[in-house]
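The listed protein sequences derive, respectively, from chains A and B.
Using the UniProt record's numbering, read the first sequence as starting at 1 and increasing by one per residue.
Using the UniProt record's numbering, read the second sequence as starting at 1 and increasing by one per residue.
Hints in this document: simulated from the structure, not taken from any laboratory.
Check before you lean on any hint, since a few could be wrong.
Identical copies go unnamed one by one, so any copy, or any two together, can satisfy a pair.
What the hints assert, rightly or not - Think about it this way: if two alpha-carbon atoms lie no more than 20 Å apart in a straight line, the pair counts; the simulated DMTMM-like pairs of lysine to aspartate or glutamate are:
{"no.": "1", "residue 1": "Lys112", "residue 2": "Asp225"}
{"no.": "2", "residue 1": "Lys44", "residue 2": "Glu315"}
{"no.": "3", "residue 1": "Lys44", "residue 2": "Asp310"}
{"no.": "4", "residue 1": "Lys317", "residue 2": "Glu45"}
{"no.": "5", "residue 1": "Lys314", "residue 2": "Glu45"}
{"no.": "6", "residue 1": "Lys65", "residue 2": "Asp233"}
{"no.": "7", "residue 1": "Lys137", "residue 2": "Asp355"}
{"no.": "8", "residue 1": "Lys314", "residue 2": "Glu21"}
{"no.": "9", "residue 1": "Lys104", "residue 2": "Asp355"}
{"no.": "10", "residue 1": "Lys44", "residue 2": "Glu311"}
{"no.": "11", "residue 1": "Lys347", "residue 2": "Glu269"}
{"no.": "12", "residue 1": "Lys92", "residue 2": "Asp233"}
{"no.": "13", "residue 1": "Lys108", "residue 2": "Asp231"}
{"no.": "14", "residue 1": "Lys104", "residue 2": "Asp124"}
{"no.": "15", "residue 1": "Lys65", "residue 2": "Glu25"}
{"no.": "16", "residue 1": "Lys44", "residue 2": "Asp309"}
{"no.": "17", "residue 1": "Lys317", "residue 2": "Asp28"}
{"no.": "18", "residue 1": "Lys252", "residue 2": "Glu264"}
Protein chains: 2
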Amino acid sequence: MSPVFNFSAGPAVLPREVLIEVQKELMDWHGTGMSVMEMSHRGKEFMQIAAEAEEDLRSLMGIGKNYKVLFLQGGASTQFAMVPMNLVRGKKVIDFVDTGHWSKLAIKEARKFADVNIVASSEDRAYAYVPAQEAWKRSADAAYLHYTSNETIGGVEYPFTPDAGDTPLVCDVSSNFLSRPVEVNKFGLIYGGAQKNIGPAGLTVVIVREDLLGQVVPGTPTMFDYKIHADGDSMYNTPPTFAIYVAGLVFKWILKQGGLKAIEQRNIEKAALLYEVIDNSGDFYACPVDKPFRSRMNVPFRLTDERLDDEFIKEAKVRNLLQLKGHRSVGGMRASIYNAMPFEGVKALANFMQDFAKNHG
Amino acid sequence: MSPVFNFSAGPAVLPREVLIEVQKELMDWHGTGMSVMEMSHRGKEFMQIAAEAEEDLRSLMGIGKNYKVLFLQGGASTQFAMVPMNLVRGKKVIDFVDTGHWSKLAIKEARKFADVNIVASSEDRAYAYVPAQEAWKRSADAAYLHYTSNETIGGVEYPFTPDAGDTPLVCDVSSNFLSRPVEVNKFGLIYGGAQKNIGPAGLTVVIVREDLLGQVVPGTPTMFDYKIHADGDSMYNTPPTFAIYVAGLVFKWILKQGGLKAIEQRNIEKAALLYEVIDNSGDFYACPVDKPFRSRMNVPFRLTDERLDDEFIKEAKVRNLLQLKGHRSVGGMRASIYNAMPFEGVKALANFMQDFAKNHG
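Produce the complete structure using the sequences and hints provided.
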């Protein structure tokens, strides 16, 4: 059987080398006689695993000492409330850029805790682009400026880091986390669910500048207070230990690949393969996103003749190319090609798309 | 090397048969070519895993159709806020029984959302017992009555289910979940973290009577609204998929053991072994808990001569008996003997305790 390539948008493919290691030590981690799943989070074995995971992430991203790294639960959806409950700090308004589905959800939730100012939106053209920063209508005294660096459903990715001046910049990086270098010191807070680019579902990573902590809205649940988690080194209560362990192995895998610069280069090449097939298909395929803003992680495309959609999915499956159906809200196709998707997987998909266009065009 | 027995209070030992299965199918679940960690939560494979886990749990506990089963994140500590934010429903006061560390944390958090009435507390005798129900001073119109069925640190377990009349009964079952039969229909809500008795850390199970849903406190984060999760079949956002899968295998393992009645019988026998050694040690060991309320899950004990504590831990380790140190807040020793701790493990500990007492007594 030829290998299976899984283009799921998340939870998604993990590096094969990491899964092999997880399998090998599943019953007995490093001669302890225990599975990582069975370890007390306060035992020296797991403390070492968690500390290494944090160290490796800090080294990968170049995270300064004035930032806390938190391993939390609940996904980005939980952060949609947790960020404002911590960062509003008595201000009246939060600035948001609206670039699609996930921005909109973050905005909706934030309205529970403050006024929201949409500095710019690309809704006018079905979220096919990122609005140019020069035209953003920012508030004079916003609590923070929030954006979504990659829209998983729309396939729109920021090619730049916004300049927020003295306003804390907050970013949902769930679907392009660790896919390229990041200048962490430009941010007040970075958050992302693990299940797309860095590990199993059930882990959320938050990187937050220390001076922003400790001013939660009254009535905030203890578990929603970043400072509680920061003071407890993410062990105020039992953390998602196994997910932290797997993410830690993924961090080591990225370091071994050469770090974020090298990973970025691979991601550029992988994405180019697919967009080239689409653009050179003579309108057999179409990508709805403007070229400068096309995501390297999630490649959405349509068959111009929609009647071929089912056949496309069916024939792809025969070649072991899985999970290509677009999100139910937009239809069409979507190939998610995160860090762990090997070049051969993308190549196999590109070849299939060319063959399919030839046979059905 | 003789097998390792891990008496951690949580995360804790998992059934060996379950870990073997997890290891076997880690790289390729049922011929799909995917690890469970890599599966989309909305794909048919994971949907089947989650549905089976829910069905098996319903069948194990006899959960009626008027109850929702939710697979959430954040641990019991998150529930300490989530329960009142959902169940206060305009009432003024919540009734609590205080039996130790975890009751106290639940009480502290609930005070953010309503007045709290402590119906009874066993603090007067260092939480060595459960106050008799006849003396509980309940409110006339409480939103609900909350208790902690097993105090993991104190080692105090309820030998009875409280009678709350028409008031919804709410229970934190984190540390004795699925260790004995439960009459679910006596409860408004049951919650527990998975990492003690049913699976890896990062999964929280909530069982809630449907008529109690849909009346959250204004300003409640979306992710804290049970109804959102109930309406989305626990897939409003990405659930902790791998933890749900492992818990599902544990549910099947318990069914194979004969269900909760059979598991309870084994737990009674295991606990009796240790308490007998303690009680027959001629005061070499002492258990601080009154006999009727001694936990079957967490057996706390002290060496009368505390100077022997370190030696006890050291010699236990030589016999591969791990994680016996008591919680830092109470000291002494604690043996956690959840469902997955085999009889041989408890027997090995009992033998060691007798030998140690003989050699050092």
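For each hint, the structure was consulted:
1. Lys112 with Asp225: both (17 Å within a copy, 14 Å between copies)
2. Lys44 with Glu315: Cα proximity of lysine 44 and glutamate 315: across copies only (18 Å, versus 50 Å in one copy).
3. Lys44 with Asp310: Only across copies: lysine 44 and aspartate 310 sit 17 Å apart there, 52 Å inside one copy, limit 20 Å.
4. Lys317 with Glu45: between (42 Å within a copy, 15 Å between copies)
5. Lys314 with Glu45: The answer is between: 17 Å across copies meets 20 Å, while 46 Å in one copy does not.
6. Lys65 with Asp233: within (14 Å within a copy, 41 Å between copies)
7. Lys137 with Asp355: Neither. Shortest intra-copy (47 Å) and inter-copy (76 Å) distances fail the 20 Å Cα cut-off.
8. Lys314 with Glu21: For lysine 314 and glutamate 21, the Cα distance exceeds 20 Å both inside one copy (33 Å) and across copies (31 Å).
9. Lys104 with Asp355: neither (37 Å within a copy, 65 Å between copies)
10. Lys44 with Glu311: Only across copies: lysine 44 and glutamate 311 sit 19 Å apart there, 53 Å inside one copy, limit 20 Å.
11. Lys347 with Glu269: Within one copy, since 10 Å is at most 20 Å while 59 Å is not.
12. Lys92 with Asp233: neither (31 Å within a copy, 36 Å between copies)
13. Lys108 with Asp231: Answer is between: at 19 Å across copies they meet the 20 Å cutoff, but 30 Å inside does not.
14. Lys104 with Asp124: within (14 Å within a copy, 53 Å between copies)
15. Lys65 with Glu25: Classified as neither: same-chain Cα gap 32 Å, cross-chain 40 Å, threshold 20 Å.
16. Lys44 with Asp309: Between. Shortest inter-copy distance 19 Å satisfies the 20 Å Cα cut-off; intra-copy 53 Å does not.
17. Lys317 with Asp28: between (36 Å within a copy, 17 Å between copies)
18. Lys252 with Glu264: within (16 Å within a copy, 43 Å between copies)
Of the numbered hints given earlier, the model fails hints 7, 8, 9, 12, 15; all others are met.
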